[in-house]
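Chains as they are written, first to last, in my numbering: chain A, 4 to 418; chain B, 4 to 418.
I should point out that these hints are in silico values taken from the structure, not numbers from a laboratory. Fair warning: this is a prediction, and the values are worked out from it, not measured in the lab. Fair warning: there could be bad hints in the mix.
Any copy, or any two copies together, can satisfy a pair, since identical chains are not distinguished.
[Said to hold, decoys possible] Simulated crosslink set (DMTMM-like; lysine to aspartate or glutamate; CA at most 20 Å straight-line):
hint: 1; residue 1: K5; residue 2: E30
hint: 2; residue 1: K198; residue 2: E115
hint: 3; residue 1: K34; residue 2: E112
hint: 4; residue 1: K107; residue 2: D51
Number of protein chains: 2
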Amino acid sequence: MKSVIINIGDEILIGQVVNTNAAWMGEELNKIGISVDKTIVIRDREDDIHQAVDEALKTASVVIMTGGIGPTNDDITKESLCSYFDTRLVFSEEMYSHVEAFVKKRGREVNENNLMQAYVPENCTVLPNKIGTAAGMKFTQGNSVLYSLPGIPFEMKTIMREQVLPELVSSYQLPPVIHRTIMTFGIPEAFLAEKLKDWENNLPPEIQLAYLPSPRVIRIRLSVYENAGSVIPQLDDAISALHEIIPEAIFSDIEQNLEEVLLNQLRNCKLSISTAESCTGGLIASLITSIPGASENFTGSVVAYNNNIKTQMLDVPQEVLETYGAVSEATVECMVKSVKKHFHTDTAIAVSGIAGPDGGTKEKPVGTTWIAVAVKDKVISRKFMFGSTREVNVQKAAYSGMFMLHNVLRNFNKQ
Amino acid sequence: MKSVIINIGDEILIGQVVNTNAAWMGEELNKIGISVDKTIVIRDREDDIHQAVDEALKTASVVIMTGGIGPTNDDITKESLCSYFDTRLVFSEEMYSHVEAFVKKRGREVNENNLMQAYVPENCTVLPNKIGTAAGMKFTQGNSVLYSLPGIPFEMKTIMREQVLPELVSSYQLPPVIHRTIMTFGIPEAFLAEKLKDWENNLPPEIQLAYLPSPRVIRIRLSVYENAGSVIPQLDDAISALHEIIPEAIFSDIEQNLEEVLLNQLRNCKLSISTAESCTGGLIASLITSIPGASENFTGSVVAYNNNIKTQMLDVPQEVLETYGAVSEATVECMVKSVKKHFHTDTAIAVSGIAGPDGGTKEKPVGTTWIAVAVKDKVISRKFMFGSTREVNVQKAAYSGMFMLHNVLRNFNKQ
């Protein structure tokens, strides 16, 4: 069962909008066993729409389009589909009632643009849009089906979830597609691949391997596209073997952020946390508090960007700053002990580094970063040499700090 | 001058990675007058790569590909391009020296995977990658040119910026395409469109208008695709008129983040800043410090997630918390004054709200947020009612806080 996604909109092609719709749709289609072979983004032009639809219907059983069905003049998808499927727009009483009710509820009167929303292609099945005025449409041609949905993510997702996906599940006998993702941190891709070479060569042919690197983590993905049900024991074995080869690098067997894994550890161990951040500028605090319920364990943070704040709020002695510098083992150890003490927490993370682009010296080039973590009375600190790019350095420092604490907490209950 | 972007990678199609590369590339190509007609995302399969390349080279003068040129076995783009362009991989001394130096600098030895990175297609021009081991490649066919670049965003961007874009600018006579983007905050889209209706109807036909909403800001984009040079005066007039209609909502006439605009204001006014954050969890500090050079003006922050920290580090009296609650005008005013005083800054932002999903009450539902800003002796505070989604609430609170300070600073020099 193959599918193609077509997203229509100049704003995507000129990069003003990132195509999150395609990512979400790809994920959802995969979950129900439909693989996406191709995603195409095209302009709001009739010729381009005709060509993309024509090509997609030749190769795919399911084609899903988004965009260009709103009320304004630049929305031409509905008309283009009429000309492609050789049909015409007809007035729909039902659609009109919906649009009228929708608009009136918001204290306005139906205007000309709203009225146009009540016209739909004669030979399509209308997919009602309960949170907007642009309805989805479904066309069939031969053995293929084409859905045209709004481009507004929330509206698209609601119609997909409530109408398109259930219909696809019930219409086809879909074999499951399985993806398992193992999250790793701390080993660069080429070295990870080297360590895993024998393991990779021993994978059953049905299991496909992919490495997904990012500045934060490397995800190892195992995919099974055919006969997935029967391969599950081998998948489990492969993942167990992976844990034996790189136990120090794996922080999750499911697609989970490090901040979520760390917060779960803190919850399980009943430990509180605070952070003292210099070059990360509050990013660690921001990541941890992005997880719902973080307030149970996360107490707070001091962002000490300026050295005076390190002295005044985090008790880093002036002599330490003068003798060792702000980016030093002595400084981060003072920071971590101090924030843990003042915030009365069980654990803490402290980071001080040179994010760049300026501020580097010969002894401490841009990217030099010291990180300390504290759990109860234990303090561990480590020096990192990241690269030359500010954004990447900040990300890596935040993730390295969380990962150091994560590693200490792995053995916490065993102590 | 037309172009097609091809992004290779199963991880994009299954929605594991959002295609931010295509957005960035589309934006940069547009800036130099190259319009992107189509973006295609395909799987890591030789047949699919051949077909996409073939089709793209038939219609576009410039084809840019990303992905699949890393060191692991699932990276098959280099081999697929060799078979498409009927060439073979050859060992490059130069590439090997680069890879060796790169790997050794990071304290490791060259392994077999690294070694493979030193092989490049015989008939391509190598585009060195100074921040990674996978070089870019350039192939020509007839009047078309194809670039194949790494999929890792930072590496792709660096090669684009330093090699591909300058080469395209110098190779072609490119007619300008003009996009002007006005950044607004604080007026919902429907009301913005209503306020701007007459203005929109009076736009010259050559100027195309688009509204691009996001949780943070609404961007108003004016585009001119033909004879752009002669329309510049009308564009300037349209933007001036816009400023007269919604002066309170516009924070930039160029595509700039609010944090960057705010930091520039602080620089120009020679003012320092600190923040006291509860529900935003350090996000404001993190946004401001994402801008290079932030340390000149940004001093630090207290993230007071727990009420004890509000009392202890930010002098919020226990009675205030008991009488008015943590999410109240009295609390945020204490917070803003206190952080400004302790951090010895000229300005400060304080935020306290209920981000959700839990913690709401009938009187103070999820989304209720108080924000205070201080500039010298002046303190302004305001209550906001955001929605029910944690992530959106945190984003909106951070942006609202920065926007309040931005608005006070607009008139700072005039005082």
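Hint check results:
1. In the homo-oligomer, the alpha carbons of K5 and E30 lie at most 20 Å apart inside one protomer (14 Å), although the nearest pairing across protomers, at 31 Å, exceeds that limit.
2. With identical chains, the CA atoms of K198 and E115 are at most 20 Å apart between copies only, with a shortest distance of 11 Å across copies and 63 Å within one.
3. Within a single copy, K34 and E112 get their C-alpha atoms no closer than 41 Å, and across copies no closer than 41 Å, so neither meets the 20 Å cut-off.
4. When the C-alpha separation of K107 and D51 is checked against a cutoff of 20 Å, the pair qualifies neither within a copy, at 36 Å, nor between copies, at 49 Å.
Going down the numbered hints, you'll see the structure goes against 3, 4, while the others check out.
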